[in-house]
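*Asks:* Now for the letters of each chain:
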Amino acid sequence: MSSDQFQTGRLTQFRELLERSDAALVLTAMAAFYLLFLGVGAILNYDVAGLISILGQVTFFTAVYALIVLALNLHWGYAGLFNIGIAGFMAVGVYTMAMLTAPPTGSPPGLGLPIAVGIVGGMLAAALVGLVTALPALRLRADYLAIVTVAISEIIRLTYNSPAFSTFTLPGGIALGTGGASGIGNFPSNPVRAIYYVDPSSAASGTTPIGAAVFGFFEAVFGVVRSAVIVDLTYGLVLAVVVFLVYTLLARVGNSPFGRVLKAIREDEVVAKSLGKDTNRFKIKTFMLGCALMGLAGVLWQGFGTGAVYPQAFRPELTFYIFIAVIIGGAGSNTGSVLGGAVFANLLFLLPQYLPTMIEQTFSIQANPNNFIAAVGPIAAGEIAPLLGYILNQRLPALRFVFVGVLLVYLMQNRPEGLLGHRTETAAAVDLSEGHTPGGQTGTDLTAPDEGGVDNE
Amino acid sequence: MTSGFGATGMLTPLIIGDVLGTLDSVGVPIPQLLQMADNIAFIALAAIGLTIIFGMMGVINLAHGEFIMMGAYITTLSVNVASIPLPIAMLLGALGTAIFGAIVERTIVRRLYGRLLDSMIVTFGLGLILTQGTRIIFGNSLQSIGTPFGQVPGYTYSGYRVLLLFAAIGVLGAVYLVFTRTEFGVQARATIQDPETAQAMGVDTDRMYTITFAIGSGLAGLTGALYAPSATIVPGMGQSFLVESFVTVVTGGSSVLLGTALAGGILGTINAIFSNLYGNFIGQIALLITAIIVIRLLPDGLTGLANTVRDKLGERQ
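Those sequence lines, one after another, are chains A and B.
Each residue of the first sequence is one higher than the last, beginning at 2 in the working numbering.
Each residue of the second sequence is one higher than the last, beginning at 357 in the working numbering.
You may find that some hints are simply not true.
Claimed, not checked - Just a few of them, taken from the derived set where beta-carbon distance is under 10 Å, the chain A residues facing chain B: (1) VAL149; (2) LEU408; (3) TYR411; (4) LEU412.
Unchecked claim - Below, simulated SDA-like cross-link-like pairs (lysine to any residue); rule was C-alpha separation at most 25 Å, straight line: (5) A/LYS278 / A/ALA252; (6) A/LYS286 / B/ILE649; (7) A/LYS274 / B/LEU653.
The set of hints was computed from the structure by calculation and includes no laboratory data.
Every residue, glycine too, gets a C-beta built ideally from N, C-alpha and C.
Just chain B, same shape as in the assembly (with noise of 0.2 Å):
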């Protein structure tokens, strides 16, 4: 199964290929392997701009999808209209739309906090004007710009969404880091839990929301502009991130890195072997009713149980 190696000449790629060679003669099964990767990345992806801004801010951004066209759109124009090369042009794609996310929340999301149902019903409004004007503007769809990399060497099996999962690994980590590690991060969190305490010690607590809202908006972003080369792109392309992005949330529970980690693992895995073994439709099923099953054993989603875990085992020692 290793003929076509090197056919790319890309680095990445071809250590791809010889791991998934190696794992391939140790009786592995490969495609479902890809299927699997693919899955994970997508759902970790869709999820993570919103654990910073439903997660952790409690907003329930309806447009969370269309900010993820919203990237992709940018990303696409940029190396469509501009000739900008791909990687700036997600860089801006990223950028861009966290720009969009920061006036989007010092305008109309600043005011809602703490109001859910106000906050849904306005950015659904939020949604329908940016999905309809794209379409007024743009028209119907966007040329693509084509997927980079080739194939998985031996595999029909597209390269770059594999590697999309190093990219939400990655991206993952360096959220955990920012707002873990840094001043920023803890002032954040600070503000987040307890905006009077937090303004009393001296943190300016309307730029901290405005910053990570605009962090969340920007990682939406990012999650489109990384589809963009291999998504078709359309005014409605958010909508199928949607319904997954939140119901991973829920699932992960309040912890960026953990919570997502383990809620898009979980359900990507649950998604690709019930799609690969009946097919699509109930792979689907599948991942919602994991889900809810999950959301009802434990109401602080898998982060509550990964301490509850991490408590005991601390009590042993």
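The shape of chain A in the complex, shown without the other chains (with noise of 0.2 Å):
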């Protein structure tokens, strides 16, 4: 046997397995993107401390992306409920974390609860709210289901932003804030920094006998001096752990009798109801579960990630970004929604605050216009640095939703079903429509009700 075709042999043998078996597809596509990452590291010349906070990045942003969209997945994917107010849902877990733990003293003031309080707190509270958004809601149509839940989601948004609320005396004299259009900065830090340090708020209170030994071990091996590098990374990785864990609570609960009980009501609500299940009940238990996930993901990435919480990161469009993973990575499928949120983080969202300092590094552009006349006039005399230099030293944020705007028009014309949507799981993509014909200028299935309200079929 050639070395060739031994190669090949390998090849077919991976392609094998990467259909096979999920866990080995992610982790291939985890160990791209890590791989990438360095690259993109090893251009930018950072030093190996840089290298490990690039890495705890990439794996912070692909765990906060991918439980989120295993939550939508779970309201959208098995349960076909069209939930766009998710920026919303994660607001009140974070929130309500935030309002717990906080100290009673500071400003604005909290309950001082402990984290694991806070934590099921906010989680519940999501839940709460999802309850009360789908028991007025569930029984509409598809798309207004969708503006009631946008309408909560700005409800919730203005609420939280509202200075009404910014500090209020619950009744018994117990005072609470959301801190108004400023948020709330001073919740307990990340618990991860318990394993590391004496006391967690402080990284000069001294080291754990744990934080010693892994510091003294990365210090003594890479040479890297800066901690906090490493607590990052370590949040990555427990996220990643309870990536799995959601994973593994939702494919558990795909496959039992709840699971089969809504995917019968996905395939066909009547014959569900006629078959004696409470078909509405089981509508509001899964948007209550997915809601709580949602709570869950928001503390875990707007929380803890970030550090403190404001109003103005709970905006729509946090909302749609989710969607857009969940389509890349094909609606329905577990696998792909983990695979959907680790490309929507790592290519959308990261790659491009990389870009225009390795274009920089790369090119060394000088040209830098301050508006658009200035920067497309000199094309016409064959200069095109002076366009790159003005879109890479002014525009780029706006360039980059530009190209995520394309790139979504580009995706659903023509691979509406995502990277995994192909395959038939617990969950297969749901068609809420019916009798369309895909693609079709014929199949519309709108009746205007006070047009006559004949059906089309």
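The two chains are supplied separately, each in an independent frame; assemble them into the complex guided by the hints.
*Replies:* See the structure below:
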């Protein structure tokens, strides 16, 4: 056997492994992303601490996106519930956590409860808000449910933004607060720090035995003295474990009798009803579970990940990023959700942040015009550097969004089923419209009730 | 309260001032009334293009706000750069957005009818491209063209904003006439209700979809054009219209005239009352909560309620 044949054989084996095993698929994708970002770090001449920091970021954003996308997939992929108020449910989770755990003496004051209570409280609060949303909304058409969820999400954001609740007093004289537009920044710091530091809120407080051992190891082997990057990487890995647990939970839900009823509802709600299943109850439970997970994702991402929470972080855009990730992965597939979250987080969110520095370092662009006319003008003379300089220096964030937009339009036109959407899983993609033909010019299912309301079938 | 009469020399604000003076003398709270007119106009105009694109055609067009922004930009640029008179600039804004809408329908939206999530995601992407593309080309804001007509005589309230209520009524009426009284309107509604039969009857359904979508976009552009003189012209300005417009369309139900007028009237009034009593924040919350309650009780929106009432009255006769 020549080495060429041997390699092709190995390649085929590997491809089969990927098709068979979801774990291998996810791990391969993550290895590819780590390599990519190590390459980015190498181009930017980062030291070892910088490289570890970049890996920590990749792990963190992949994990938080995977988590929230899994939660959305439970709503959309399993039960066909069209929730575009995700940002609101995340906000409820993280705000409740922050208000429960912030010290009573701080500004804004909190209740000073332990972190664990805060996390569970955040999830419960998000689930409760989910219940409040689901009760009036579930019997509506899918697009109307969507509008109700987005309205609720706006109510939530406006409420947290309002100075009226900046600090208020509960009956009984306990003061609480949302901090208004500036948010809450004084809730306890990331619990992972407790592994390494004696006092989790201060890195100068001295290290625990574990902290001393780990930091010592990194310093001896890699020469890394910045302990913060190690803490961040650890948090990323903890989140990866959380994602695994949630994935397992959802897989079990999908395979349980509960999951089978969900599938039945999705396929044909009338049949499920006539077999004696209270379909609304199932939908409400699913909605609440998904909302609780969204609350958890809010806590882990916007709470402990960012270290401060403010209303501007929960604008409707956030919701759509998560929908984009679901679409990339393929609605209905849990593994697809994790992959979609990873692709969105790394390629569309994280990578563009490093691109300008990389391009500048490689091409050394001097020109820096400050308006579009001055940037485009020289193209007539064959000079493209001013345009590049303008975009890189002035408009890169805007260009990134344009790119995301173009990608979205392209994906939906050409590959609406996503990376893994073609697979038959516990929860396959749902088609909410009745009797339409995809890409159809003929098959819209819209009836205008006031104009006769004739069924088009 | 009727001092400063005729300060602007404009005929219409003069009449408004006259009417308001009379109302004031019988004890109607004028500032609240003006606020209410402003709110109703805003909500009805924000929703008007979407009533057609979402209400009739069923496309969740998240780029609706950006269509409004586009109308405002075309208008403002026409006045600022080309010194075109404001009314013509406004027409250009509506027309330009309508043409853009027709292109978008032909190239993008066409493939997505009946695919709720997909159309939502694509139009969100389109909105991103429009907002950020505008930012790249025109920068972070445009110079405003200034509000015409000055203030309502005797009150510190922009006369132009109040006139927008009449613009809203006019536009709603025109749309109603186009869709109920013209050959095109009948064909368009037939196409949307039952494309196959419409096709069999000789209607060019492709063309109907394109034109209907273009009208919806053009109306959004017109809204932008109408608000261009009194709004801050920034790439993200469309966002402030988006949530209200969807909520209004859903609350109103499927009838263009009746639904939008009723929903705009009710939501605008509630918003104005609560804003006056407890501030803008509570006003907005009250609007959203009212909408949720209405949708829950009346899945067909206010149109459905109106139709039921009409049927009952019909039976009685």
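*Asks:* Now, for every hint given, state plainly whether the structure supports it.
*Replies:* Hint check:
Taking 10 Å as the C-beta contact cut-off toward chain B, the hint placing A/VAL149 at the interface holds, the least distance being around 6 Å. The beta carbon of A/LEU408 comes within 7 Å of a beta carbon in chain B, closer than 10 Å, and the hint placing it at the interface holds. Taking 10 Å as the C-beta contact cut-off toward chain B, the hint placing A/TYR411 at the interface holds, the least distance being around 9 Å. The beta carbon of A/LEU412 comes within 8 Å of a beta carbon in chain B, closer than 10 Å, and the hint placing it at the interface holds.
Between A/LYS278 and A/ALA252 the alpha-carbon distance is near 22 Å, which keeps this suggested pair within the 25 Å criterion. Annotation: proposed proximity of A/LYS286 to B/ILE649 holds, straight-line Cα distance about 22 Å (limit 25 Å). Of the supplied pair hints, the one linking A/LYS274 and B/LEU653 holds, its CA atoms being roughly 22 Å apart against a limit of 25 Å.
The structure is consistent with each of the numbered hints, conforming to all of them.
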